[in-house]
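Assemble the complex: chain A is given as a structure, and chain B must be docked to it using the hints.
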Amino acid sequence: MRDTVDPTPTDWNSRAMQKRIRARYRAEKRFKFYGLFAVLLSAGFLAFLLVTMISNGARGFTQTQIAVPVNFAASDLFLESSSLEGDGAAQALAGADFEGLVEEAAREAYGADGEDLVSPAAWLKVREAVSDDPELLNGEQTFWLQASTALDFASRGEVKGRQAQRPERQAMMARYERLEDADRVRRSLSQNFLVNSDSSDPTQIGIWGALKGSLLTMIVTLAIAFPIGVLSAVYLEEYAPRNRWTDMIEVSINNLAAVPSIIFGLLGLAVFLNTFHLPRSAPIVGGLTLALMTMPVIVIAGRNAIKSVPPSIRDAAYGVGASPVQVLSHHVLPLSLPGILTGTIIGMSRALGETAPLLLIGMRAFVVEPPDGFTDPATVLPVQIFLWSDELDPGFVEKTSAAIITLLAFLLAMNAIAIWLRNRYEQRW
Amino acid sequence: MPFFILFLLIAGLAVIGWVAARGRALQLSRVHDRRPHSLPGHHGSYVALWLALPALMFLTVWSAVSPGLVEQSVLASPAAEMLPEAGIQRTAILSEAGALADGTMAAAFNEEAEALVPAFREANAFYRTIGIAATLVLAFAGGAFAFLRVRPDFRARNRVERVVMWALLIASLIAILTTVGIVASLLFETIRFFERVSIVEFLFGTDWSPKSATFGGDEGSFGAIPLFWGTVLIGAIIAMIVAIPLGLLSAIYLTQYAHPKVRTVMKPVLEILAGVPTVVYGYFAALTVAPAIRDFAVNYLGVTSASSESALAAGVVMGVMIIPFVSSMADDSLAAVPGAMRDGSLAMGATHSETIKRVLVPAALPGIVGGVLLAVSRAIGETMIVVMAAGLAANMTANPFESVTTVTVQIVQLLTGDQEFNSSKTLAAFALGLVLFIVTLLLNVVALSVVKRFREAYE
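Going line by line, the protein sequences match chains A and B. Take the first sequence: its position 28, counting from 1, is numbered 28 in this note's numbering, and each next residue is one higher. Take the second sequence: its position 263, counting from 1, is numbered 263 in this note's numbering, and each next residue is one higher.
No wet-lab data here; the hints were simulated from the structure. Idealized CB from N, CA, C, for every residue including glycine. Only true hints are included.
In silico DSS-like cross-links for lysine-lysine, where the CA-CA straight-line distance does not exceed 27 Å: (1) B:K357 with B:K452; (2) B:K357 with A:K19; (3) B:K261 with A:K32.
Which bits of chain B does chain A cover? Going by a derived footprint, with three or more residues having C-beta under 8 Å, they are: (4) 185-193; (5) 285-293; (6) 379-387.
Only chain A is shown next, with the shape it has when bound in the complex (with noise of 0.2 Å):
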């Protein structure tokens, strides 16, 4: 015995005791605080990461355009409006120098180096609009064409980074400003961006054909990844026996579960493309490999999904005298589908999102046309944002977080989806 116990009660009101308690309910408040610290911090990292996209890529939906005055009937353009009809109208229109035109026009309305306020591609609005309308060559029309990338730059205002103290820069903002005094300038709605595809201008680029990769790709994926699953899921929670080989399907597909994604781009490249030859690109490459990424997730909310439903339902059908099938396909499956449906829904937005893999596939080439088919080159969303992410032209910034925030809504109307499902048709027994 060390001590002896002190007989007297413990006196709370003494002032040491006092003293104890407030630092220990100071203690208290302090974790507390630390805790909403914390909970505040994550919230905070993802309002911030979700603002820097926004504010960044709200001006990649749109463009700036400049006016250009062109006057069709007396350029140099040798372009009849009579012959845009009938047959040889096709032909006269490739011929005609348009290109020249434009920047003839350009140079006329605002000086020698006026065609550098102009997109290299611009002409191609003005050709078309001739083509719509052949009257249009016999006299003048003023035009809003997309401007150059300098010039869209310029537009941005004063922006930090080492790009913008340049004095070309510095000459260009002075001159966005007076052209936008002049209201020859104005922003509007870009139609490129959702209808064009991957280009080296980044005035030019849209985001349509990675987002017809993506389909593609999808389609795949969900064709494969949700039969196998789904039947993987029934086989385990409903047939299968209790032995080695069960065991050895289940750790398999708890452990491919957490595999890292990068190991089936190699599984991919090495089955896919060097044993298969498939083609190289491809959607249905990607898709393979994102479906045997996808198919444990299927497979593991399958199985939860099935495992609600209670033992008593079955019973009740095996009472009445339906075969095991009938058991499944007429009871078990429609009452878990809106969990397997979740689970799905879930695991293809984390396909949609993944990038790594697909690299390994080849899928990050420079695709300008979108893909037609599932065997054409194709590149997915997730990885056009990586590519236009390396892109040195400042032009290609607010482009990237314009596809992250399209990229962003498709994985959130998802998972809205999702969660709708859920609380829409998911039971409680």
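Then chain B, alone, in the frame of chain A:
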């Protein structure tokens, strides 16, 4: 695309077979005036399966085999005699002639290819006709065989259900096949890599500088220690310094202190962090976080060697991505601690925070540690954040403001450069992949067994 049209044709035939067999079963049951064993729909499915399955199997095998047969018969033709003896040019000309015959290529590049085109077309047409005919014959034979067996006492349901069972079993074997495929492809290429580079040098060497050896020269050195160190520094140290306190404290606050309304809002918000695609995090890290950290280090800390591709930027952003994993695992483990322990502590006069720190967290520790191990395995396998925000230089440094590289960065780097598949460079990527696979697998197995034992302790 004849394969696709044939596929549709067979699917159409199967539907017709289903309808016909169902009608026949209905009619027979009326004629014989007794209860048939199976429903009419089962008879229909039986016929449809017999019609479609053998035909489609044959079609799949045939479309895999026929290109080889076509090539053989082309090589046997007189036009093939002037082909150069084996080698790259021979295969190039052959594949060009094939493309010309298909119409996928408009004009010939080699003149020899032009000469082979008629032979190719002939062989193509011949084998395609055989393929289509055999497929259709199989379909009709299977359909007829099954249709003749439609009788009231025929047990169609049992047969159909046996096929369904096989389909279920085969589907669940795909998971094993995938695992075997991963292990086999990684192992096979890794063994080829170790035939060229010694395993000791790879695992313990400290110099990583692979070179492209197109002309058979020096292939560089493959000491992977700097890569392993970079991976550990970013994924297991910096990311965890961010994720463990934030994740754990968030979980404690949300489960123990927060008002239920706050919890229902904040929990999904934190889970969004795990749903943001990693390429978005990578872009954010490279564009916003990395320059800010570099400026901070140079201006306020006086670290002049600070890189704009610092380990810190990638690690911090990765840590934020991992927060939801840590917090949801901690959440589960805290919830699994029996309420009696908590109540006992509170009844003894401990405050909430004392109960949490001295009772709940120690009791839940195995579960939390398991969750952290899972988070580490997730972090070291993460690719896009480090590809975009961490560097390529294989440095061995503990300075978080300098640039390091990771295993996943190098895999992407090695496999996106040149296309040749036999250089040590591309094979090295598979060796790195195998190491990554083994390490994440071990982490997962350990983590899951820790969590499982912990759950059992309280049941």
